[in-house]
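A.B. asks: What follows is each chain in one-letter form.
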Amino acid sequence: MALAVGATAMYNAPLVDETDRRDIAAARAGDEEAFARLVRRHQTAVASLLWRFTRQPAECEELVQDVFVEAYFGLDGYRGEGPLAHWLARIACRVGYRFWKKQSRRAAAVALEHLDPAVPAGDPGPAEAGALVHALLARLPPAERLVLILMYFDSCGVREIAERTGWTRAMVKMRAYRARRRLKAIARRERLLERLGWTS
Amino acid sequence: MDELEAIEQLVVRARRERAPAGDVAAAVLVGIRAGRPAPVLPLSLVAAGAALAAGVVLTLAVHAWSSGTDPQAALFPVVEVMQP
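In the order they appear, the protein sequences are chains A and B.
Just so you know, we're using the working numbering here: the first sequence kicks off at 71 and counts up by one.
Just so you know, we're using the working numbering here: the second sequence kicks off at 8 and counts up by one.
Warning: the hint list may mix true and false statements.
[Claimed, not checked] Residues from chain B shown here face chain A by an in silico Cβ test under 8 angstroms; the list is partial:
id	residue
1	Leu11
2	Ala34
3	Gly42
4	Leu52
5	Asp77
[Claimed, not checked] Calculated from the model, a selection of chain B residues having no Cβ within reach of chain A, i.e. all distances over 12 angstroms:
id	residue
6	Leu36
7	Ala54
8	Ala71
9	Gly75
In case anyone wonders, no lab produced these hints; they're calculated from the structure.
From the three backbone atoms N, C-alpha and C, an ideal C-beta is built for every residue, glycine too.
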């Protein structure tokens with residue numbers, strides 16, 4: 071089943087949903103069905119976030135499960151001061167980053183990610199653009215990649231990235247600067263503009 | 008247009024992409040049941056038993072050490088007898 075990407079909407083959700091509040095209370099009391107309802111309500115947004123971390127559907131689904139299992143065991147840490155979606159986004163960020171770090175230790179897995187030579191010039195569609203951006207970002211170190219993912223796809227500012235990652239703002243700024251510089255060099259080396267026919 | 012601007016334009020398109028997602032609720036519940044920590048009581052019983060056994064072994068070891076004799080000590084009387 072394909073579901074619309076809503077990662078940005080997820081982080082910008084304004085209020086704590088009353089239905090969420092009820093289900094969280096029930097889940098804390100041991101009602102597993104209540105937690106399953108929370109999963110069903112938020113899984114699309116979580117999957118959308120994690121789709122930025124891997125483009126393998128099976129891996130993505132596994133990461134979504136990890137996020138909710140982690141959320142369940144950490145449910146007492148959710149104080150209800152902000153929307154559940156924000157809290158889940160932070161967990162998703164942690165789970166995705168952990169996945170990348172594990173993957174980067176397996177050098178072969180990273181080496182397999184490269185630019186798709188079949189990218190259509192001129193007007194790539196959403197999936198093609200997504201694959202291309204993913205392939206470019208995959209060449210960055212995990213920390214720099216995470217900063218750009220949050221900046222580009224979730225429209226996060228420095229403060230939000232610092233909150234989500236637990237890094238200092240100075241560190242986020244430095245990583246963003248280095249990531250953009252490195253990304254530009256990679257795109258130039260890969261002749262991205264020529265490949266897309268956007269040279270004029 | 009430079010490379011970073013091109014990437015930003017690609018990101019705008021990529022944001023409209025649909026992520027594949029299925030219902031993971033059942034798998035999450037299985038994961039929760041598998042990851043739930045075991046009750047603490049049996050573990051603490053095992054720990055208490057292990058501590059007790061370690062105490063007994065330590066007591067026996069100290070006793071054996073203090074009552075033991077130097078295996079070379081038996082050689083010295085023999086040396087004395089052999090003196091002219």
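A.B. asks: Taking the hints in turn, state whether each one holds.
C.D. replies: Evaluated hints:
| no. | hint | in the structure |
| --- | --- | --- |
| 1 | Leu11 | holds, 5 angstroms |
| 2 | Ala34 | holds, 5 angstroms |
| 3 | Gly42 | holds, 6 angstroms |
| 4 | Leu52 | violated, 24 angstroms |
| 5 | Asp77 | violated, 55 angstroms |
| 6 | Leu36 | violated, 6 angstroms |
| 7 | Ala54 | holds, 23 angstroms |
| 8 | Ala71 | holds, 48 angstroms |
| 9 | Gly75 | holds, 52 angstroms |
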